[in-house]
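A.B. asks: Residue numbers (my numbering), protein chains in the order written: chain Y, 1 to 414; chain C, 1 to 414.
No lab work stands behind these hints, which were simulated from the structure alone.
Worth double-checking, as some hints may not be accurate.
Treat identical chains as interchangeable: a pair holds within one or across any two.
With a straight-line Cα cutoff of 30 Å, these simulated DSS-like cross-link-like pairs (lysine-lysine) come out [to be verified]:
(1) 314 / 248
(2) 397 / 355
(3) 314 / 253
(4) 115 / 314
(5) 265 / 176
(6) 166 / 265
(7) 57 / 298
(8) 86 / 314
(9) 38 / 115
(10) 314 / 325
(11) 385 / 225
(12) 265 / 181
(13) 225 / 337
Small disclaimer: the values here were computed from a predicted structure and weren't measured.
2 protein chains.
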Amino acid sequence: MINIAIFGYGVVGTGVAEVIRTNSHSIANKSGEEIFVKKIVDIRDITDSPDINILTKDAEEVFRDDSISIVVETIGGIGAAYEITKRALSSGRHVVTSNKELVATFGPELLTLAKENGVHYLFEASVGGGIPIIRPLYSCLAANEIDGITGILNGTTNYILTKMSKEGSDFSAALKEAQAKGYAEADPTADVEGHDACRKIAILSSIAYNQFVDYKNIVTEGITKISAADMMYAEELGAVIKLVALSKYIGDKIYARVSPCMVSKEYILSNVNDVFNAIVVSGNAIGEAMFYGPGAGKLPTASAVVADVIDIVKNIDSNSRISWKINGENNTFDPMKAETSFFIRVKPAEKNTAKESIEKIFGGSNFVEIPEAGLSGEIAFVVPKQAEGLTFEGIEKLKAQGAVLETLNVIRML
Amino acid sequence: MINIAIFGYGVVGTGVAEVIRTNSHSIANKSGEEIFVKKIVDIRDITDSPDINILTKDAEEVFRDDSISIVVETIGGIGAAYEITKRALSSGRHVVTSNKELVATFGPELLTLAKENGVHYLFEASVGGGIPIIRPLYSCLAANEIDGITGILNGTTNYILTKMSKEGSDFSAALKEAQAKGYAEADPTADVEGHDACRKIAILSSIAYNQFVDYKNIVTEGITKISAADMMYAEELGAVIKLVALSKYIGDKIYARVSPCMVSKEYILSNVNDVFNAIVVSGNAIGEAMFYGPGAGKLPTASAVVADVIDIVKNIDSNSRISWKINGENNTFDPMKAETSFFIRVKPAEKNTAKESIEKIFGGSNFVEIPEAGLSGEIAFVVPKQAEGLTFEGIEKLKAQGAVLETLNVIRML
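Could you build the full structure based on these sequences and the hints that come with them?
C.D. replies: See below:
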């Protein structure tokens with residue numbers, strides 16, 4: 001029998017206890033051992049719970065108990081979670097977490113600590129909720145050199161964008177509905193500004209390219225500026241707008257970004273709707289594979305946590321197989337030099353003159369018009385692939401010349 | 001260094017050698033050992049190959065060589081492949097295969113033999129080509145009790161159906177094009193009659209439910225009867241026609257079948273086109289997750305084979321983690337009792353009388369008409385979910401009564 005302790009009895013923590021309780025028989029079958037939740041630590045007052053008998057506020061009850069060999073950390077954040085994780089690993093306990101912020105921030109240190117102590121530090125649940133993606137990346141696709149990852153990694157924003165796209169609603173109305181349904185938090189910043197997706201693509205990239213990719217080096221743009229008009233243009237272009245997190249090798253550097261993108265309806269990611277997540281992985285042998293599923297939620301996320309626990313039980317005597325090298329210098333590609341096609345909307349001083357200026361600056365731009373949409377006061381156009389810095393300079397030039405009064409939106413084409 | 005031998009230098013075998021050669025550095029990194037192809041056995045005369053120096057027709061060269069610890073079997077079929085596999089396992093060598101026929105036929109015996117000899121028998125590549133699905137099922141989703149699997153498991157038929165759906169072509173024209181492109185074999189029976197998908201859903205089900213599901217007990221229907229008219233009706237119903245392999249628990253029995261199905265365009269599987277495969281797995285914690293990618297092809301399939309090899313190298317001292325219990329009795333559910341909704345097209349003796357008979361027999365049937373399609377000589381209708389046997393009886397009754405002269409097609413609704 002393997003005893004585990006859960007730190008943090010929130011949504012994921014309760015889910016972990018529930019999954020282990022509900023599926024105890026098949027879990028014992030698959031892992032070869034019974035898995036038993038011996039303690040749950042949470043500093044809050046919890047009075048009504050099926051786990052009341054094993055709940056405690058005192059972390060020492062876990063650390064004093066040598067029979068507990070695996071710690072599940074579902075506290076979240078980088079405060080107490082960081083201290084508990086370090087202490088657990090240092091004491092020779094395996095740790096499983098769903099905490100993307102902690103992994104993206106202190107991953108290299110914690111993985112090294114795990115290795116030094118001959119234990120595992122696993123975090124399948126930190127990206128894509130229940131979707132198996134971390135293990136497929138380093139195990140199932142191990143024969144491949146991974147060239148790139150493209151994903152929809154945040155369910156909240158995907159729900160909002162799906163709503164806007166299907167119902168023509170604007171951002172704030174869709175956000176309110178997401179909040180009412182519990183898909184968005186009262187303070188939605190981390191989701192709608194792309195911070196959550198940024199941590200996740202940092203983790204996936206670190207696994208895929210076998211070197212730490214610091215989330216602080218990842219260009220991150222949220223969806224707050226996306227409007228109903230943008231959605232109409234997307235439709236006109238045969239696309240939908242998604243918050244896309246991607247990374248790929250450019251030369252020997254890693255280019256990574258999170259931003260809204262026009263995604264062609266022909267591309268499989270365009271069909272990923274509502275709170276679902278999906279990750280497309282490109283490898284030099286497999287071509288492209290996609291992993292799709294619920295990106296959040298109590299039981300799906302718990303499913304990923306418990307899969308890690310089972311994996312540890314099956315390999316209890318080995319230690320962490322993952323390590324992230326840290327390059328002393330910045331290993332990410334200069335985003336201004338990355339080549340991207342853009343969709344741009346501007347408010348012109350005078351339409352025909354502005355169009356001439358746009359053509360002069362951007363060469364083969366394609367103008368997009370939706371006569372029936374009542375957007376006649378603006379110019380929309382697609383700038384072909386070129387270094388992003390050049391496109392941004394071009395926009396500034398248009399403004400400096402006076403041809404354009406205002407930039408209404410600038411959205412990348414995937 | 002780990003030495004391996006490849007038996008069968010066809011499409012997949014050459015791919016395995018190529019992937020190991022191309023990605024040797026990263027493979028050594030991930031597996032912790034260099035992997036070296038020491039011998040390739042093929043009974044054919046091969047004169048032009050980058051592997052000419054290690055090619056041999058003599059299997060004994062492998063079995064005499066104690067330094068070879070892993071055998072890759074990419075011969076196919078259940079003749080020589082079966083003998084080589086038994087011999088390799090019995091001699092204490094791990095075996096990796098892409099051979100679905102062998103696994104579906106002799107899986108329980110070969111897995112037992114592997115266990116007895118303390119070695120692995122792995123077959124990720126036998127289902128879904130490059131898509132990681134076997135390992136996700138038994139490892140990444142280990143916390144779940146799997147309720148069901150629904151998949152598009154055959155690339156050839158999916159290519160043909162996609163062609164028919166998008167271009168309005170009929171089956172034989174689409175088949176010819178698939179053959180011209182190398183997506184279908186000269187004798188396409190195994191693909192178009194559903195035999196290939198049947199072996200694959202048998203393997204997936206055996207893994208998911210942890211008991212051997214014999215492919216001979218799986219209802220299997222191919223796509224040869226699907227016509228351009230059926231595709232038009234599908235469109236009218238907001239669906240596409242796909243060859244769907246599925247299995248699920250009904251009570252304590254397993255229901256499994258392969259057949260063309262109307263798949264609603266709202267469902268994620270409807271967007272899986274061309275030669276791509278996808279598998280939706282339902283579990284009691286995760287809900288639904290989908291795995292999508294290239295279902296065949298040299299390098300994708302090799303990618304899955306080599307992932308298994310790497311997994312063995314990382315766990316070289318452990319043995320097979322999979323075993324399939326065989327129930328003495330038939331563990332599959334009586335297909336006539338499975339509840340399914342059907343789309344049915346019949347040629348009536350007289351239209352109004354036939355419609356009355358249909359309504360009498362099937363109750364709440366919905367008639368489907370496409371006035372502009374020139375199909376006025378027939379009646380098409382949807383029968384709501386009920387035991388399949390009842391629906392088949394109903395059709396026979398319609399014929400016996402003389403209301404219906406001929407059944408034009410009977411297609412399941414997913």
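A.B. asks: Each hint should be assessed against the structure and marked as holding or not.
C.D. replies: Verification of the supplied hints:
1. For the identical chains of this complex, residue 314 and residue 248 are inter-copy neighbours only, at 27 Å across copies versus 33 Å inside a copy, given an alpha-carbon limit of 30 Å.
2. Taking identical chains as interchangeable, the C-alpha atoms of residue 397 and residue 355 lie at most 30 Å apart only when both belong to the same chain, with a minimum of 13 Å there against 70 Å between chains.
3. Within a single copy, residue 314 and residue 253 get their C-alpha atoms only as close as 36 Å, which misses the 30 Å cut-off; across copies the closest is 29 Å, which meets it.
4. For the identical chains of this complex, residue 115 and residue 314 are neighbours both inside a copy (17 Å) and across copies (16 Å), given an alpha-carbon limit of 30 Å.
5. Taking the shortest Cα distances, residue 265 and residue 176 sit within 30 Å of each other both inside one copy (27 Å) and across copies (28 Å).
6. When the C-alpha separation of residue 166 and residue 265 is checked against a cutoff of 30 Å, the pair qualifies both within a copy, at 14 Å, and between copies, at 15 Å.
7. Taking CA atoms no more than 30 Å apart as the test, residue 57 paired with residue 298 passes inside one copy only; the shortest distance there is 22 Å, against 56 Å between copies.
8. Within a single copy, residue 86 and residue 314 get their C-alpha atoms as close as 23 Å, and across copies as close as 27 Å, so both meet the 30 Å cut-off.
9. Only within a single protomer do residue 38 and residue 115 lie at most 30 Å apart by alpha-carbon distance; the minimum there is 25 Å, versus 33 Å between protomers.
10. Taking the shortest alpha-carbon separations for residue 314 and residue 325, both the intra-copy value of 26 Å and the inter-copy value of 20 Å come in at or below 30 Å.
11. For a Cα distance limit of 30 Å, the shortest separation of residue 385 from residue 225 inside one copy, 22 Å, qualifies, whereas the shortest one across copies, 46 Å, does not.
12. For the homomeric pair residue 265 and residue 181, the shortest alpha-carbon distances inside one copy (27 Å) and between copies (25 Å) are both at most 30 Å.
13. Proximity of residue 225 to residue 337 under the C-alpha cut-off of 30 Å is restricted to the intra-copy arrangement: shortest distance 24 Å within a copy versus 54 Å between copies.
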